[in-house]
Amino acid sequence: MPLELAETSDPGAADQEYLWTLNFGPQHPATHTTLRLVLTLDGENVVDAAPHIGYLHSGFEKLGEYLDFNQYVTIVDRMNYISPIANELSWHHTVEKLLGIEITPRCKYVRTILGELMRIHDHLLNVGAVALDLGAFTAFLYAFTQRERIYDIAEYASGQRFHSSYTRVGGVLFDVNNDWAEKVRQFVEGFKPVHAELHRLLTRNRIFIDRTKGIGVLTAEDAINMSVTGPLARASGVVRDLRKDEPYLAYPDLDFKIVCARGGDCYSRYVVRMQEMQESLKIIEQAVENIPAGPINVDAVTDITLPAKPAVYRSIEGLIQHFEVLMPNRGYPVPLDEGYGATESPNGELGFYIVGDGTTRAYRARTRPPSFIHFAIFPHLIRGHTLSDVVAVLGSLNIIAAELDR
Amino acid sequence: MLAIGEVQSEFGPEVAESTFRDNRRLYVPADKAYALLAWLKQARGFDMLVDVTAVDYLDYPDASDRFHVVYLLLNMATKERLVVKTALNPPDPELPTVVPLWKGADWMEREVFDMFGIRFAGHPDHRRILMPDEFTAFPLRKDYPCKGLGERHNFPVITRSES
Amino acid sequence: MAVGLPENVFLTRLDAAANWARKNSLWPMPFATACCGIELMATASSRHDIARFGAEVMRFSPRQCDLLIVAGRVVMKMLPVLQRIWLQMPEPKWCISMGACACTGGVFETYAVVQGVDRFIPVDMYVPGCPPRPEQLIAAVIDMQEKIERTGTLSGREFGGRTAPAGPPPFDIDELRRRREAVPVDGLEIYDPPRID
Chain A
318 MPLELAETSD PGAADQEYLW TLNFGPQHPA THTTLRLVLT LDGENVVDAA PHIGYLHSGF
378 EKLGEYLDFN QYVTIVDRMN YISPIANELS WHHTVEKLLG IEITPRCKYV RTILGELMRI
438 HDHLLNVGAV ALDLGAFTAF LYAFTQRERI YDIAEYASGQ RFHSSYTRVG GVLFDVNNDW
498 AEKVRQFVEG FKPVHAELHR LLTRNRIFID RTKGIGVLTA EDAINMSVTG PLARASGVVR
558 DLRKDEPYLA YPDLDFKIVC ARGGDCYSRY VVRMQEMQES LKIIEQAVEN IPAGPINVDA
618 VTDITLPAKP AVYRSIEGLI QHFEVLMPNR GYPVPLDEGY GATESPNGEL GFYIVGDGTT
678 RAYRARTRPP SFIHFAIFPH LIRGHTLSDV VAVLGSLNII AAELDR
Chain X
39 MLAIGEVQSE FGPEVAESTF RDNRRLYVPA DKAYALLAWL KQARGFDMLV DVTAVDYLDY
99 PDASDRFHVV YLLLNMATKE RLVVKTALNP PDPELPTVVP LWKGADWMER EVFDMFGIRF
159 AGHPDHRRIL MPDEFTAFPL RKDYPCKGLG ERHNFPVITR SES
Chain P
59 MAVGLPENVF LTRLDAAANW ARKNSLWPMP FATACCGIEL MATASSRHDI ARFGAEVMRF
119 SPRQCDLLIV AGRVVMKMLP VLQRIWLQMP EPKWCISMGA CACTGGVFET YAVVQGVDRF
179 IPVDMYVPGC PPRPEQLIAA VIDMQEKIER TGTLSGREFG GRTAPAGPPP FDIDELRRRR
239 EAVPVDGLEI YDPPRID
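Chains as they are written, first to last, in my numbering: chain A, 318 to 723; chain X, 39 to 201; chain P, 59 to 255.
If we strip away everything but chain A, and leave its shape as in the complex, we get (with noise of 0.2 Å):
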């Protein structure tokens, strides 16, 4: 006698008897750092996902009401920790938007270079996780490899490799040499076999496109009154890059593409992350052969940036402007008003609302975090599909709990 199947669900019915509650994280493999998902499932099927956050919460934003302007980078490094100077640019991106400073042509270059590198940084881990997540090891191992070369092209310019803390108010910590030059043009030589090689691992294979074509789309409209931005909406067709939009530092000079797809599934962010690696390595190979000469940090007579060293150690008007800009009762005039800069960091629109209130700490320091924004669409995005795609979604939205919590 054949079994007669029961009528399954009305996928309305999320509080069903036979629903199953699946808690995901806050400490599992896939969500990398500490998300934590509640999960509804029917059978294999997710009916209703809940996400939780706050598992990183750690005060950035209080911290940057006591920081001054340059202490705070540090913290701001410590966002999203996946492309640490993207994070800096945007912040004093921000603060040289409120003191109405215009960094040198030279700064605007070496700046742009980390910048790139960093957007290479960020996709290279989001892919290898990504490919790592769905079972294909190699290409993290690969990904990993060539991250390890961007962090010696950092500790170079900065002396530290993660955590740079590299960029200054009007400026960098220190200026870069010819070898550091050397170094960038060895990178990007070496780059390009090995992001062919992904392209191989990933790209057409067949286990990997079944895993991710037609999984968690987003379509344009979605995407905008989502307030996605970044590699997400344009995965979704939505042409928005704020390096062509509001161009800053020296991307108006250089000969770029924005990348975009009309897919908007996870095989589309997957693809749209590659390709603008590749754009980022044209941006690199034109700025690092047109370094300005001149100097890096804005006119040493202001009272904003920090004079050479030899120049405090031999000079007493190096000393004097040395301690103008570090005695907490001197310092650089802010204004008391407020403004809302944003660059294009490799996750999205990273924004900086900032409130000056005539002394050298933001008194407010609102981020614009992408990820916090992304994650807010993962329910949206996830309804409907099976349980293994979690891990698939979760990827491609590329969700650094850091910059998510704050």
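By construction, these hints were calculated from the structure, which means they are not laboratory data. The reader is advised that the hints may include incorrect statements.
To be verified - Reference listing, derived: stretches of chain P covered by chain X, where coverage requires no fewer than 3 residues with Cβ under 8 Å from a Cβ of chain X:
1) 138-151
2) 166-176
Unchecked claim - Residues from chain X that face chain A, not an exhaustive set, calculated with beta carbons under 10 Å:
3) SER56
4) ARG59
5) ASN61
6) VAL88
7) ARG119
8) ASP144
9) PRO162
10) ARG166
11) ILE167
12) LEU178
13) LYS180
Note that beta-carbon positions come from the ideal geometry of N, C-alpha and C, so glycine has one too.
The hints should help you fit chains X and P onto chain A, whose structure is shown.
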């Protein structure tokens, strides 16, 4: 480009405008905030809500209101940005939610509530988001100390012999 | 009367044999919360390769692990999770606190961050740095192995004697409240941690 006269003819002369660098700002009274935001979205094409945040002006020089809620808007067609600010005061700061207009406002408003205690009437899921549910203070208010009130030490201790 | 031993037979204490086996097969539980987690990944991946020291079998179930690596800051909401994971790990178990945040709170001296996990769980090894370089973590693992070899026992009695947490004692919350009410404050900076001797 949005003209201020247009806004004022629609919402009255108390809507003020100011500019700082490339930021354009509109100040609007709290009771007209929702109407203005809805108008900006539906009639003026500000279809992306970039961020919602708040500022506590407790000890700010020459501040007249305690809180400002800040909406950062973006018009995706013209790439024009606009900042809308509205002032609120204790004891019961409350605004209507904008989740019906922009779905992305959901978590941003929850965060503002979590950090400042500003309520958003009609929000579909009005809970704390970052701090634990049993936490009672609002950490980003200026009268809350940076180092907290000792909540971070209020946990049981596990020793070697117990574990 | 001398007893001749055949070849390939070694005499040792049972403790030493167990320690030798344990120290070369540490199974870490990566409790990676923040930036240090990325360095932990870097330590495990191609260039630094922690497998050379017998500690590459990262297991994400605490039931299978004997070395907890707390990598990154732990905040109020996360601490109960950490304590639960520590309690779920079977004996014998050790703990490495990796990075300035896990050791002391680091730069995050704010309302939400626990100022050192050693206030609430036992810690055997501290790795300074923000974040530590992979070499430092590898050095810590080697030191951990040495410590296990030196002090480990088969019955786990080396743990029994340690009744106090390893770090400074946590602050008395009632004492803090009393201080807070005693001080005439204008709202800010009313928190004055007691001096630790």
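Each hint tested on the structure:
1. 138-151: Answer holds; 5 residues pass the 8 Å Cβ test.
2. 166-176: It holds, with 7 qualifying residues against the three required.
3. SER56: Cβ of SER56(X) sits 9 Å from chain A, so the hint holds.
4. ARG59: At 5 Å from the nearest chain A Cβ, ARG59(X) passes the 10 Å test, so the hint holds.
5. ASN61: For ASN61(X), the interface hint holds, since the closest Cβ of chain A sits about 5 Å away, which is under 10 Å.
6. VAL88: With Cβ-Cβ at 6 Å, under 10 Å, it holds.
7. ARG119: Result: holds, 8 Å to nearest chain A Cβ.
8. ASP144: OK, holds: ASP144(X) within 10 Å of chain A, min 6 Å.
9. PRO162: Violated: closest Cβ of chain A sits about 12 Å from PRO162(X), beyond 10 Å.
10. ARG166: holds (8 Å)
11. ILE167: Where the cut-off is 10 Å and the nearest Cβ of chain A is about 6 Å from ILE167(X), the hint holds.
12. LEU178: holds (6 Å)
13. LYS180: LYS180(X) check passes; min Cβ-Cβ to chain A is 8 Å, inside 10 Å.
Consistency with the previously given hints fails for number 9 only.
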